[in-house]
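Here are the chains, one letter per residue:
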Amino acid sequence: MGPTTVLDEKAIDRTITRISHEILEKNGGSKNLSLIGIRTRGIYLAKRIQEKINTIEKRELPVGVLDITMYRDDIFKLKTPEIKKTEIPFDVNNITVILVDDVMHTGRTTRAAIDAIMDLGRPRKIQLAVLVDRGMRELPIHPDYAGIFHPATSDEEIFVKLREVDGQDEVILAKPQ
Amino acid sequence: MNWPHKDLLGTRELTREEILLILDTAESFKEISRRDIKKVPTLRGKTIITAFYEPSTRTRVSFELAAKRLSADTVSISQSTSSATKGETLRDTGKNLEAMQPDVVVIRHSMPGSPHILAKALASCIINGGDGAHEHPTQALLDLFTIRQKKEALDGLKVAIVGDIAHSRVARSNIFAMKKFDIDVTVCGPPTMIPPYLEDLGVNVEYRLDKAVADKDVIMLLRIQKERGGVMYIPSTKEYALLYSLREEHLQKAKPDVIIMHPGPMNRGIEISDAVADGPYSVILDQVENGVAVRMAILFLLLGGEGEK
Numbered sequence: 021m022g023p024t025t026v027l028d029e030k031a032i033d034r035t036i037t038r039i040s041h042e043i044l045e046k047n048g049g050s051k052n053l054s055l056i057g058i059r060t061r062g063i064y065l066a067k068r069i070q071e072k073i074n075t076i077e078k079r080e081l082p083v084g085v086l087d088i089t090m091y092r093d094d095i096f097k098l099k100t101p102e103i104k105k106t107e108i109p110f111d112v113n114n115i116t117v118i119l120v121d122d123v124m125h126t127g128r129t130t131r132a133a134i135d136a137i138m139d140l141g142r143p144r145k146i147q148l149a150v151l152v153d154r155g156m157r158e159l160p161i162h163p164d165y166a167g168i169f170h171p172a173t174s175d176e177e178i179f180v181k182l183r184e185v186d187g188q189d190e191v192i193l194a195k196p197q
Numbered sequence: 011m012n013w014p015h016k017d018l019l020g021t022r023e024l025t026r027e028e029i030l031l032i033l034d035t036a037e038s039f040k041e042i043s044r045r046d047i048k049k050v051p052t053l054r055g056k057t058i059i060t061a062f063y064e065p066s067t068r069t070r071v072s073f074e075l076a077a078k079r080l081s082a083d084t085v086s087i088s089q090s091t092s093s094a095t096k097g098e099t100l101r102d103t104g105k106n107l108e109a110m111q112p113d114v115v116v117i118r119h120s121m122p123g124s125p126h127i128l129a130k131a132l133a134s135c136i137i138n139g140g141d142g143a144h145e146h147p148t149q150a151l152l153d154l155f156t157i158r159q160k161k162e163a164l165d166g167l168k169v170a171i172v173g174d175i176a177h178s179r180v181a182r183s184n185i186f187a188m189k190k191f192d193i194d195v196t197v198c199g200p201p202t203m204i205p206p207y208l209e210d211l212g213v214n215v216e217y218r219l220d221k222a223v224a225d226k227d228v229i230m231l232l233r234i235q236k237e238r239g240g241v242m243y244i245p246s247t248k249e250y251a252l253l254y255s256l257r258e259e260h261l262q263k264a265k266p267d268v269i270i271m272h273p274g275p276m277n278r279g280i281e282i283s284d285a286v287a288d289g290p291y292s293v294i295l296d297q298v299e300n301g302v303a304v305r306m307a308i309l310f311l312l313l314g315g316e317g318e319k
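Residue numbers (the numbering used here), protein chains in the order written: chain A, 21 to 197; chain B, 11 to 319.
The hints are simulated quantities; they were obtained by calculation from the structure and are not laboratory data.
Model, not experiment: these values are computed from the prediction.
Errors might be hidden in some of the hints.
Stated by the list, open to error - Quick partial rundown of chain A residues pointing at chain B, CB under 10 Å, derived from the structure: (1) Ile134; (2) Glu158; (3) Leu159; (4) Pro163.
As the list claims (entries may be wrong) - Quick list of in silico lysine to aspartate or glutamate cross-link-like pairs, DMTMM-like style, CA-CA up to 25 Å: (5) A/Lys104 <-> B/Glu249; (6) A/Lys105 <-> B/Asp194; (7) A/Lys104 <-> B/Glu28; (8) A/Lys104 <-> B/Glu259; (9) A/Lys104 <-> B/Asp267; (10) A/Lys104 <-> B/Asp288; (11) A/Lys99 <-> B/Glu162; (12) A/Lys105 <-> B/Glu259; (13) A/Lys104 <-> B/Asp102; (14) B/Lys78 <-> A/Glu176; (15) B/Lys49 <-> A/Asp175; (16) B/Lys190 <-> A/Asp87; (17) B/Lys49 <-> A/Glu177; (18) B/Lys78 <-> A/Glu107; (19) B/Lys40 <-> A/Asp189; (20) B/Lys49 <-> A/Glu77; (21) A/Lys97 <-> B/Asp83; (22) B/Lys49 <-> A/Glu80; (23) B/Lys40 <-> A/Asp33; (24) A/Lys97 <-> B/Asp113; (25) A/Lys99 <-> B/Asp296; (26) B/Lys78 <-> A/Glu80; (27) A/Lys105 <-> B/Glu162; (28) B/Lys78 <-> A/Asp175; (29) A/Lys104 <-> B/Glu209; (30) B/Lys48 <-> A/Glu29; (31) A/Lys145 <-> B/Asp46; (32) A/Lys97 <-> B/Asp34; (33) A/Lys145 <-> B/Asp113; (34) A/Lys67 <-> A/Asp94; (35) A/Lys105 <-> B/Glu237; (36) A/Lys97 <-> B/Glu27; (37) B/Lys40 <-> A/Glu45; (38) B/Lys48 <-> A/Glu177; (39) B/Lys78 <-> A/Asp135; (40) A/Lys104 <-> B/Asp194.
For each residue, glycine too, the CB sits at the ideal point set by N, CA and C.
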């Protein structure tokens, strides 16, 4: 069986719209909110949420970029660890940080991201928004906003494609051959 | 790309791509030193020994801060506090250090090739922190990082290196590294301080300072290596200063956005005037700041990942 589409372009857009509304609802508006996208695709999702919230609330939230490589727990097991820049052009102290990632799986990336943000200051809150929650958690971490919950087994792969990097918007599930 | 080396012994054996990987990785580490909390957990549990058998301020502190900011543990030994004074050979010292399971040994030694001896004898990663008049790769890499930071690209630049070229490991490592790029390198100094093989490396030689600095993007100054007999090659330091001390008047001949570099320690009034050292074209302290990020990158690339060692 070949790969199946989990979300198409329209569904991704609707999902991001819903997540944006949920973020505003849960935080009672957009005051003191900042978005931090986890490299690579989390950045573009964060920027899309920023655009949606700007349309709804007429406020442009700051967006930061986080590379979690320095905080990974498997850094010595990777064949080619590649470190890219972290660029967070705002003070994280006393604000609510919305951490944005494409796929939530084991929770290890989120753990690394939380540690990385804590090293930059003391946010009032950190919340997590993901496009796809594929289950199979290895740490007690859960998203505050999940676009879709789509359980996948360990030999299946979820691929999030975004037009900014992949030329098209699609979430696909690839099963083993 | 993959980092393929166990050790960092010189810039001579690095490719252009490997140099760029180090510089790009260093870009990512630079912001850590500007944070309130200057520490990331990347190299937690790794041990780094700095063994400096020659005096050092910058390089040793830079390596130790780089290691500590990556959460590695550091131990340092120096000539006066080591058993070398009791007659132990370098290889034996190395084997004994290795028995305590360090992950990296940074060595500075007056004998060229010392790091290479350790690299062969030990399983730990060896970094050359300067071996005699041979190589000082981390200095050249931080110099290239600083040049790229100020000039945005390395290819097409014109660089003058002025001073005691014959005894300078900084000059040699820089020449090896710069020739991996399309950089035009001119060395300048008294004829006795210019070694004969330089033309083979594709380097121009100029004996007059005003000619050497003409139209240059970068002027790098070097001190006279007294500990390697440098003063024996010139009639007097006063005459040297007269002919080779970079003063403001020379800068008019260089490019209008020229940068002035010096690996330190500076001998003010000999190879560089106060006005130039403290002037607007000087990037000498940027070099020192960038050194920490570049050394973090090198430690990370040597230790991070399984690679193909």
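Hey, B/Lys190 versus A/Asp87, does the alpha-carbon distance stay inside 25 Å? violated, 30 Å
Given the hinted pair A/Lys97 and B/Glu27, is their alpha-carbon gap at most 25 Å? holds, 23 Å
Restraint check for A/Lys145 with B/Asp46, where alpha carbons must lie at most 25 Å apart: holds, 20 Å
Minimum beta-carbon distance criterion (10 Å), A/Pro163 to chain B: violated, 24 Å
Can we keep the A/Glu158 interface hint, with Cβ of chain B closer than 10 Å? This interface hint is violated because 18 Å lies over the 10 Å limit.
Do the alpha carbons of A/Lys97 and B/Asp83 lie within 25 Å of each other, as the hint requires? holds, 20 Å
Hinted pair B/Lys49 and A/Glu77, Cα distance within 25 Å: violated, 37 Å
Would the pair B/Lys78 and A/Asp175 pass a check requiring their Cα atoms to be no farther apart than 25 Å? Violated, because 39 Å separates the two Cα atoms, which is more than 25 Å.
Going straight from one Cα to the other, do B/Lys48 and A/Glu29 come out at no more than 25 Å? violated, 42 Å
Does A/Glu177 sit within 25 Å of B/Lys49, going by the straight-line distance between their CA atoms? Measuring from Cα to Cα gives roughly 34 Å; hence the hint is violated.
Quickly compare the C-alpha distance for B/Lys78 and A/Glu107 to 25 Å and report which way the hint goes. holds, 22 Å
Hint check: B/Lys40 vs A/Glu45, CA-CA at most 25 Å. Holds or violated? Distance ~38 Å between B/Lys40 and A/Glu45 Cα, so the pair is violated.
Hints 1, 2, 3, 4, 5, 6, 8, 9, 10, 11, 12, 13, 14, 15, 16, 17, 19, 20, 22, 23, 25, 26, 28, 29, 30, 33, 34, 35, 37, 38, 40 from the earlier list are contradicted by this structure; the remaining hints agree with it.
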